[in-house]
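So the chains spell out like this:
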Amino acid sequence: MDAPLLEARDVHKSYWMGEKEIHVLRGASFCLRKGEMASLVGPSGVGKSTFLHVIGTLDPPTRGQVLFEGNDASAMSEQELAAFRNRAVGFVFQFHYLLPEFTALENAAMPGLINRLSKQAAEAQAREMLEIVGLAHRMDHRPGELSGGEQQRVALARALVLKPRLLLADEPTGNLDEATGEGIHQLLVELNQKLGIGAIVVTHNPRLAERMPRRLRLHEGLVVDA
Amino acid sequence: MSLPLARRFRRRAFVLAFVLFASAFAAQIALRSVLGNQSLLSPDAVLGVSFGAEAVAFVVIGFAISFLARGFGGRELGAAALLLALGAFATLQRLKPPSFSYDRFFASTQELVIWAGLTGAAAWLLGLWGASAGVLLGAAGTPDLSFGYEAGIARTHLRLNRRTLFLLLAFGLIPPGLLFGAGVAATRYFHKGPEASPLGIAVAAASVLAALVLIAQWIRARAALAKLEPGQRKKRPATVVMTAISIAGVAVGVWALTVVLSVMSGFEADLKHKILGTNSHGLLLKYSNDFSEWKAVMPKVAAVPGVAGVSPFILNEVILSHGQTVTGAELKGIDPATVGDVSELPRQVIAGELSWVTDPASIPSTVVEPHADAASKLEGPEYEQYLDDTLKRRQSHRDETDKKLDPDAVKNLPGICIGKEMSHQLRAWVGDIINVITPLGEMGPTGPTPRSRAFRTACILYSGMYEYDSKFVYIGIPEAQRFFKMGENVVGLELKFKDVDAARAEGRRVVATLGGFPYRTKDWAELNRNLFSALKLEKLAMAIILTFIVLVACFNILSTLIMLVLEKTKEISILKSMGARDASVMKIFVIEGLSIGAIGTAMGLLLGLASCSFIERYGLQLDPDVYYISNLPVNADAGQFVAVAAISLALSYLATLYPATKASRLSPVDGLREE
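Protein chains in written order, with this note's numbering: chain A, 1 to 226; chain B, 1 to 675.
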């Protein structure tokens, strides 16, 4: 069998708050297969975001290993990590974090530009992905001129524009009303089926979590299947 | 996952850095000795060239090492620099370089320690500077020379859109345009200086037009703002205002630097012009006192390719008296026929004729009027006073001296030319008789008896240099030879070269043509060394002081960028989560700082250029009694402007390094966690 898409082995993460060490992750281990979609739930402050950052290589673990397709992320150089974040993973956050001075198209083209694609190539890919998320008519609008749901769709298009193998979404619907959130979730599931992207979606909404093929729960610094 | 906390010390980078540093140092010493012995550069230029080359080498080495060290390589470069300092100390101790102090010949140990320390420090700092450029281009991984999206993001941070560009252009062009226009208007109004050029008129017109457009735009912007809801104000982050202030700061610094340096150069050029008006570019002298073969030497010297003119001279100190007034003077014997080839002397005459020096019979017995162009050169109350004291006096008391003498004898007295200040001091006009006394007379029973001789004033000269106009008097060569009992000898030949600035090299060529010893030359810079070195020192001091203004302005850039980094922490995190490399984040902020620096520099240069043009056209008045220059001189030298721009841009680049490095080292989660 192939190596799993993502594997966390005994991941520990702790922060120092002044003199006190706070253990957020205490040996979390789990495995995600290619194209598998999972939800991650847990009460606020339990470390869901931290877990996502650690497995997304944004934050190094205090101890333990994160393996992506069998490769140890801690062995990567700064440049390899950057290339990995650029091509292999896409992030969506609770806030859209789009660059306010750029249009939807330019925002979605940014990962392509970071990958040193030509402007034309990057924008062509961005256009394609914006059409997939249903924003063909709003490409030249700036984030400030889009609704919350549209902004999150642009963020999703930006995360997926380079066809990563893993999508990490941190409460992508947390800031939206229920109907809009529903739409985004629907889109996530569709994209997972259409593009075969593995995904972990952090959510507070138990109803949305229920619908995922696999459900994970973060409990006392450990990841368990719910 | 991210870089391990303690980075590995890269031994290969260290060894290579040391080897390269050491070779750069050795090359500097070799270059200094080769240039010092085999080229015609001045000692200052040799120092400048060799140390400049060493500095450039250090920067390039740092750049190269950064790729090997995969980063700044601060420790590797530092260790190499330390070793270099020790090696430099050992080498210098063996070489025994001359001391910079006048107390001893060889440099003391203390001096060598300072030298070695400075070499090491320079190697480290300049190496780091070069390394920063390497890091910027992705030395930590594969080199990445692209600036594509980084420039786009930097542009949004600085709010460089069409509107702000328009504003910048307007602010950059209007004040210089108005200054330039004012200068042109002043020229027309006062009817002096060069005529207004069509380009100047076009620039002035364009600036006025631009001002009108800007005002219209501003009114429109106000109107648009007024349409907003009451209480709703346009959001403008503090960094935009700070950016504008930083640009203005750099512009003001660059402006001050260019204007002051141009004025200093103007003084220097003016002085050079005046010195070379009276003095030749160089002197051909002999080590002995018997330069009798000068008539044979002259055509040989004139045939040397770089030589434009040659004329013999004799120089001695004498005492002059006219009536009751006595003064000391430098008496120069000249050949009126050829002296015009080596100096401006014939063109400095304001009354009489230079040729009357050897042809005293032509000096008219009537009172000579000053030349027509003298009035325009010298107009002012001071000149009126001068004419009252000399010309009018001659007109009213013209017989005072002549009466006592036989008119034929007067006619046969040899001629003498004196400077304007001298003529004022002696109250002598053309035709007046002056007694010249030399202490080098015959031996009498009580020792040498002074010898005296009467001369008739043939012309009055005005060079514009007080020292020359009050000290130098001129007579013909044959008369001087007779007066000083020199036989056929002269003191030397005055030379004029086609290229003034190559005077030293050309002089050596002349000596070489004549077969070397006993001939030697001295060039004008050597003859006036004190004056020019004082001027150079003053200019250097000014440049250093004013560079501090630019430095302070660059601290503005630094703080603006730090504010920007703080403001954009979230954006940096997002870019990093999308895969932006550290070098890319660094590039963004370096581009921003350099843009601020470049815009400010361009504005400052334009303003400086316009100010120089204004000063030159309008002619700011100076007190001629103090400066002996009636207008503030200004000499806008392209090289100086380029140097100022380079200094300003280099400092702006330095200012960007700290914030840019800070930004590039932010962790991706720093901005995400803040919610």
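One should not assume that every hint holds.
Each pair of labels, with its calculated beta carbon distance range [said to hold, decoys possible]:
(1) B:238 - A:35: 46 to 54 Å
(2) A:69 - B:11: 55 to 63 Å
(3) A:141 - B:541: 57 to 65 Å
Rather than coming from a laboratory, the hints here were simulated on the basis of the structure. If you're wondering where the values come from, they're calculated on a predicted model, not measured in any experiment. Beta carbons: idealized from backbone N, C-alpha and C, even for Gly.
Right, here's what the structure says about each hint:
Range check, residue 238 of chain B to residue 35 of chain A: Cβ separation about 47 Å, and the 46 to 54 Å hint holds. Taken as a hint, the range 55 to 63 Å is violated for the pair residue 69 of chain A and residue 11 of chain B, whose Cβ atoms sit roughly 34 Å apart. For residue 141 of chain A and residue 541 of chain B, the hinted distance range of 57 to 65 Å is satisfied, since their beta carbons lie about 58 Å from each other.
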